[in-house]
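There are 2 protein chains.
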Amino acid sequence: MKRLAIVLTIGLGLSGGLAWAAGHQPAPAPNGIELPKGYKDWRVIASSHRTDNNTLRVILGNDRAIEAARAGRTNPWPDGAILAKLVWKDRNDENWDAATVPGRFVHAEFMFKDAKKYRETGGWGFARWLGAEQKPYGEDADFVQECFGCHTPVESRDYVFTTPIELP
Amino acid sequence: MKRLAIVLTIGLGLSGGLAWAAGHQPAPAPNGIELPKGYKDWRVIASSHRTDNNTLRVILGNDRAIEAARAGRTNPWPDGAILAKLVWKDRNDENWDAATVPGRFVHAEFMFKDAKKYRETGGWGFARWLGAEQKPYGEDADFVQECFGCHTPVESRDYVFTTPIELP
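Residue numbers (the numbering used here), protein chains in the order written: chain G, 2 to 169; chain Y, 2 to 169.
Worth flagging that the hints you see were computed from the coordinates, not collected in a lab. The beta carbon of each residue, even a glycine, is placed where N, CA and C say it ideally should be. Please note: incorrect hints may appear among the correct ones.
To be verified - Within a straight-line C-alpha distance of at most 30 Å, the following computed DSSO-like cross-link-like pairs (lysine-lysine) qualify: (1) G/118 with Y/90; (2) G/90 with Y/90; (3) G/41 with Y/38; (4) G/38 with G/90; (5) G/136 with G/38; (6) Y/41 with G/90; (7) Y/90 with G/41; (8) Y/38 with G/38; (9) G/38 with Y/41.
To be verified - Some but not every residue of chain G turned toward chain Y, in silico, with C-beta under 10 Å: (10) 33; (11) 34; (12) 74; (13) 94; (14) 99; (15) 100; (16) 115; (17) 118; (18) 122; (19) 155; (20) 163; (21) 166.
Produce the complete structure using the sequences and hints provided.
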């Protein structure tokens with residue numbers, strides 16, 4: 002009985018720990034979209050440097066997006082594809098004068114493809130989490146109009162600015 | 002018997018196909034280092050933009066490198082860590098004036114950490130494969146002196162220019 006009690010205690014302790022770890026998930030975006038778990042482990046689709054707001058960006062994709070990108074099936078992207086854009090303020094590299102490298106983390110933003118579910122915004126669900134604290138962006142669900150508005154000029158590219166990298 | 006023959010034929014056909022795919026491995030570097038299989042699927046450590054040679058770079062790491070980067074154990078990097086730097090000529094994005102994005106693929110270059118094996122070059126083995134055809138860089142094994150010479154100014158950072166990105 003004592004042994005059972007110990008086993009139960011350890012068991013509950015472990016589930017408590019897991020619950021705590023799982024509790025690290027930030028709040029969903031105002032449109033209900035959840036931050037995809039494990040997005041940091043996704044594979045790379047492209048990078049960019051924007052000099053209008055001095056940011057460096059790395060664009061990652063989930064498995065379905067990577068598969069589509071490598072097969073050249075990106076217009077349209079398939080349902081289930083998710084693109085993640087990770088953004089840092091740029092800074093000069095102290096060891097290489099002419100190099101610009103990532104500085105402070107700014108935000109992670111995502112596009113979720115589902116032609117039917119997100120029909121009203123070009124087949125894409127949008128979400129963004131700000132800073133190290135991963136604060137959801139937007140006051141209410143209408144924030145997506147800002148995202149969609151910015152992506153409308155690239156409607157002919159399935160609303161995606163990113164062109165996947167060439168790699169041998 | 003006929004069915005067995007068909008099964009055998011399909012079986013041999015498949016292994017032939019796999020052998021062909023495996024045969025895609027490019028020639029080793031002049032110092033004997035082989036291109037790591039599957040490097041395109043490695044996870045991201047950083048990115049950079051160099052305006053002296055107009056290139057955009059994405060730095061990836063194998064599992065051991067990613068583990069070390071996320072734990073902040075990068076001075077020194079652990080034996081077994083491999084860093085991959087993928088390099089493209091930069092180009093202006095036709096849909097966003099102030100954005101620079103990857104253009105033509107230039108090369109993939111690698112640093113392999115093994116403090117003992119590569120003691121003479123700071124504990125790192127160097128290799129580079131050029132262009133879409135993945136031609137090994139260097140006339141003979143001495144090419145590493147060029148790599149090592151360029152990395153010597155960052156000896157105090159374990160010869161690595163890259164600072165891993167911050168990510169929540």
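Outcome of the hint check:
no.: 1; hint: G/118 with Y/90; in the structure: violated, 38 Å
no.: 2; hint: G/90 with Y/90; in the structure: holds, 22 Å
no.: 3; hint: G/41 with Y/38; in the structure: holds, 21 Å
no.: 4; hint: G/38 with G/90; in the structure: holds, 24 Å
no.: 5; hint: G/136 with G/38; in the structure: holds, 15 Å
no.: 6; hint: Y/41 with G/90; in the structure: holds, 25 Å
no.: 7; hint: Y/90 with G/41; in the structure: holds, 25 Å
no.: 8; hint: Y/38 with G/38; in the structure: holds, 26 Å
no.: 9; hint: G/38 with Y/41; in the structure: holds, 21 Å
no.: 10; hint: 33; in the structure: violated, 21 Å
no.: 11; hint: 34; in the structure: violated, 17 Å
no.: 12; hint: 74; in the structure: violated, 17 Å
no.: 13; hint: 94; in the structure: holds, 7 Å
no.: 14; hint: 99; in the structure: holds, 4 Å
no.: 15; hint: 100; in the structure: holds, 5 Å
no.: 16; hint: 115; in the structure: violated, 23 Å
no.: 17; hint: 118; in the structure: violated, 25 Å
no.: 18; hint: 122; in the structure: violated, 18 Å
no.: 19; hint: 155; in the structure: holds, 5 Å
no.: 20; hint: 163; in the structure: holds, 8 Å
no.: 21; hint: 166; in the structure: holds, 5 Å
This entry does not satisfy hints 1, 10, 11, 12, 16, 17 and 18, going by the numbered hints stated previously.
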